[in-house]
Amino acid sequence: MSGTSSLIVNLFRILPSEDTVRVYYIESSDMESINLCVHTLRDAGCIAAPQYSEYLGLPPGIYFVCENPKVLKELNIEYTDKRIESCSYIMKYLVLNAIVKKVNELEARRLLYLPEGRGFAFSQVICCDRGVIMYSRPHGLFVLRPCLILRVEHYYVEGENMLFLLADLRFKRFNLLTLSKLIEVLEKKGFEWTEIRNMLCGHYYTCRIEGRRQACMLKDIIKEQSHIEAIVMTRSGQKRLLADSIWLNPHPKHTRDFIRDVLGENLDEVWMQQRKYGSVRPKVKIEMVREYIKKLLIENGVFPLRISNVEYSLDMRPQKLLLVSSDEL
Amino acid sequence: MRQGTGHILLKAYRMSIPMLVFRGEQPALSIYYGLVRFGPYELPVNYPKTVVIVYPNRSGFREVAKKVKEALENGYKGYFPKGFTTIFDLDVEFDLVDIDSDKYVLLDPRNTALEYYKKFFDLCESKDEDCFLVALINRVPRGLHESLYTEIKFLFTAEGVPSQVITYETFSDENSFKWSVFPLALQLFVKMGGMPFLLYNRLNIPEGEAALIVGIGLSRISLGLWEVKYVGFALVFEPNGRWRLIKWSQQPYDRENLPHMIKRLIMDVVDEVLSKYAVEKPRKIHVIIHYSGKNISVSEEVYIRAACEQIREARGIEVIPYVVKINDSIYKLCDEDNPCPDSSGLNTFLPWVGTSIELKDGLYMLQTTGCVEVQAGHGGIRSRPNAFGSPSPLLISIKKLKGLRYELEDIELVKSVLYMCRMNYVSVNNPISRLPITVKYSRRLAYITSKFAISKNININAVIPQKIAQTLWFV
Numbered sequence: 001m002s003g004t005s006s007l008i009v010n011l012f013r014i015l016p017s018e019d020t021v022r023v024y025y026i027e028s029s030d031m032e033s034i035n036l037c038v039h040t041l042r043d044a045g046c047i048a049a050p051q052y053s054e055y056l057g058l059p060p061g062i063y064f065v066c067e068n069p070k071v072l073k074e075l076n077i078e079y080t081d082k083r084i085e086s087c088s089y090i091m092k093y094l095v096l097n098a099i100v101k102k103v104n105e106l107e108a109r110r111l112l113y114l115p116e117g118r119g120f121a122f123s124q125v126i127c128c129d130r131g132v133i134m135y136s137r138p139h140g141l142f143v144l145r146p147c148l149i150l151r152v153e154h155y156y157v158e159g160e161n162m163l164f165l166l167a168d169l170r171f172k173r174f175n176l177l178t179l180s181k182l183i184e185v186l187e188k189k190g191f192e193w194t195e196i197r198n199m200l201c202g203h204y205y206t207c208r209i210e211g212r213r214q215a216c217m218l219k220d221i222i223k224e225q226s227h228i229e230a231i232v233m234t235r236s237g238q239k240r241l242l243a244d245s246i247w248l249n250p251h252p253k254h255t256r257d258f259i260r261d262v263l264g265e266n267l268d269e270v271w272m273q274q275r276k277y278g279s280v281r282p283k284v285k286i287e288m289v290r291e292y293i294k295k296l297l298i299e300n301g302v303f304p305l306r307i308s309n310v311e312y313s314l315d316m317r318p319q320k321l322l323l324v325s326s327d328e329l
Numbered sequence: 330m331r332q333g334t335g336h337i338l339l340k341a342y343r344m345s346i347p348m349l350v351f352r353g354e355q356p357a358l359s360i361y362y363g364l365v366r367f368g369p370y371e372l373p374v375n376y377p378k379t380v381v382i383v384y385p386n387r388s389g390f391r392e393v394a395k396k397v398k399e400a401l402e403n404g405y406k407g408y409f410p411k412g413f414t415t416i417f418d419l420d421v422e423f424d425l426v427d428i429d430s431d432k433y434v435l436l437d438p439r440n441t442a443l444e445y446y447k448k449f450f451d452l453c454e455s456k457d458e459d460c461f462l463v464a465l466i467n468r469v470p471r472g473l474h475e476s477l478y479t480e481i482k483f484l485f486t487a488e489g490v491p492s493q494v495i496t497y498e499t500f501s502d503e504n505s506f507k508w509s510v511f512p513l514a515l516q517l518f519v520k521m522g523g524m525p526f527l528l529y530n531r532l533n534i535p536e537g538e539a540a541l542i543v544g545i546g547l548s549r550i551s552l553g554l555w556e557v558k559y560v561g562f563a564l565v566f567e568p569n570g571r572w573r574l575i576k577w578s579q580q581p582y583d584r585e586n587l588p589h590m591i592k593r594l595i596m597d598v599v600d601e602v603l604s605k606y607a608v609e610k611p612r613k614i615h616v617i618i619h620y621s622g623k624n625i626s627v628s629e630e631v632y633i634r635a636a637c638e639q640i641r642e643a644r645g646i647e648v649i650p651y652v653v654k655i656n657d658s659i660y661k662l663c664d665e666d667n668p669c670p671d672s673s674g675l676n677t678f679l680p681w682v683g684t685s686i687e688l689k690d691g692l693y694m695l696q697t698t699g700c701v702e703v704q705a706g707h708g709g710i711r712s713r714p715n716a717f718g719s720p721s722p723l724l725i726s727i728k729k730l731k732g733l734r735y736e737l738e739d740i741e742l743v744k745s746v747l748y749m750c751r752m753n754y755v756s757v758n759n760p761i762s763r764l765p766i767t768v769k770y771s772r773r774l775a776y777i778t779s780k781f782a783i784s785k786n787i788n789i790n791a792v793i794p795q796k797i798a799q800t801l802w803f804v
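Order-wise, the sequence lines are chains W and C.
Just so we're aligned: the first sequence equals residues 1 to 329 in our numbering.
Just so we're aligned: the second sequence equals residues 330 to 804 in our numbering.
Just to be clear, a hint being listed does not mean it is correct.
Dumping the calculated BS3-like pairs for lysine-lysine here, alpha-carbon to alpha-carbon at most 25 Å [unchecked claim]:
(1) W:K253 / C:K592
(2) C:K689 / C:K610
(3) C:K507 / W:K276
(4) C:K396 / W:K253
(5) C:K395 / C:K340
(6) W:K188 / W:K172
(7) C:K395 / W:K320
(8) C:K689 / W:K253
(9) W:K320 / C:K731
(10) W:K253 / C:K731
(11) C:K729 / W:K253
(12) W:K219 / C:K432
(13) W:K283 / C:K340
Hints were generated in silico from the structure; no laboratory data involved.
The structure displayed is predicted, hence computed values, not measured ones.
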């Protein structure tokens, strides 16, 4: 690499309607109080972000916006109004939180699909199309959905603050392999209860315990009058759970054979389709990302995004990184 | 409304893939070419003379075990020419032993692992020399707390027996088999204590000074119902890629304990490397800490500095710590000027491996997957993709500890990550791994560690038998 070269990247510029944005600000430099306050504000429905130390001229503290100012009176917290650059570093968190808020509203309206427990973490959000690309046949035990993984990135180049949407597209396979669904399919196929129990105990599972998923082993299945329960072994000991909270882990070969040979589900079509989508090279991939941003975020009204007095819109051109170098190390 | 220009101007570097060095200090780009043409850099001094392949006595498994033995003994077409003893120049025999089919129960990993153990030692005790285990099993989910993989690893490691687990799923498929035999042989050699290659290119360290690259991993481990612990480990490499040691530490699960643990680990590994391996006392040591996971907190920074200060006081050597955080990203990059065709001749436009882009002060993108130069079997160089689909670069964050005067440039620290990606013992054809060896084994080590932490609630460093402590038993 010598002189200047360029790379196309899956970054899309977020353009503000105004140079400055009006936000609320609480001064603090103590990490624990900042975190506590951010959680309180978020619980009250505000969009809030922490800044732990001074960065590019912005002092530490909590920056937030609230649609309903009454909430702030109820919280009884002292804050001030502040005008900051609409693309300053802290705005990357406020814009992302505003996206998360809209995406959650769209899920509630059944316009988007959010993967369970994996929607928002580590400064990124995953949202999927409600539409399914493909169902496995004949029981529809697996579905393939396009999902966008979104982050907001801040760049400060040549004295200018800039915000970008960093977006990746993955075709995710979701399974409906709950223990109750498996029992339903096996019963329809005419298997006896003892056979079903023996067959299902030979696999690995994922259990949802107190809202968290963890690997588990199935020890026994108990058929009650109105429902089915199971005894499972988890890393924290033996538990009794509802059959709806237990998912078959379809990855081991003997389990895939069981799904294919005993349940009679054709897995290959969905697997091959997922692999085909996963194999696309960056040029096509970035174009696909652009298409799905248009479909999931623009057509559903996530963008333009209003925060306080500013409307943020999306430049749909993938950015070019102009790389300056003269050294080959 | 502002208008975007559609581009961002950033500073970039193109780092060359470092060459490797093999027997007789011969350099080569490819592991395959280097080993076949020149042989391994350094042979182990004491090594197991028999490799015992243990498998369940079931149809399918039996055939796979025989095929693996045959391939290790005599080679397998052009994929593994000549066989283990010729390529690695070691006098090793290969044996097969089966366990009863009805005693192979995946959902009873403990007893099944004990069966592998019993059969292995029944055979091995009749030999005068140490043995090496190759266990053929079904693939099991990695995240499982109790699995046949972790049980076997635990049992044999605790006995000081090096082991390699191979899966029926990989080796029963002809296409996977042909690409997996040479890497399997390479891993056996490494676990026997051999050094197949080192880095030919080195980091730019001033004369009279030394550098160590330390991979730090931390895991939160549940021990039964109530007890939770932090288990940390540090892997130490010299800048030429030579692995020196691994140290462990465990503490009750409390965030307050983390800084102490990190300090202890750094002090122990640097001190041990200095006392055991330093021929000449360096004037200064640059300790480059590779770290993946949560952010280093302010208190941990203080303890890292304190560790370095203590070493300076005890040994009279200035120690400068550099913290290099390594994370995955979701960036996708397309280089329209680099066609980089794949094996079907289709242009991929992947960026060059070794491309590093400075996103902001101390934050870099590093392409460890993409378009890479490889050396064909006859020695010629060509470029090709080393990844499927659209790979993402790593994000490398250089953490500057307050009050320290840094002497190595940021890009030298980014280069340390690229160089450690080159220390790859799982493929002979892919010249570079996506993750550096310093952080690559964090998760796998955590699973095995949890077994030690549960069953032997003592200093883990003392549990690993001396016989294998000096080998890369965990790769």
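Hints versus structure:
no., hint, in the structure
1, W:K253 / C:K592, "43 Å, violated"
2, C:K689 / C:K610, "37 Å, violated"
3, C:K507 / W:K276, "23 Å, holds"
4, C:K396 / W:K253, "20 Å, holds"
5, C:K395 / C:K340, "54 Å, violated"
6, W:K188 / W:K172, "28 Å, violated"
7, C:K395 / W:K320, "54 Å, violated"
8, C:K689 / W:K253, "45 Å, violated"
9, W:K320 / C:K731, "35 Å, violated"
10, W:K253 / C:K731, "51 Å, violated"
11, C:K729 / W:K253, "47 Å, violated"
12, W:K219 / C:K432, "19 Å, holds"
13, W:K283 / C:K340, "22 Å, holds"
Hint violations for this structure: numbers 1, 2, 5, 6, 7, 8, 9, 10 and 11, all remaining hints satisfied.
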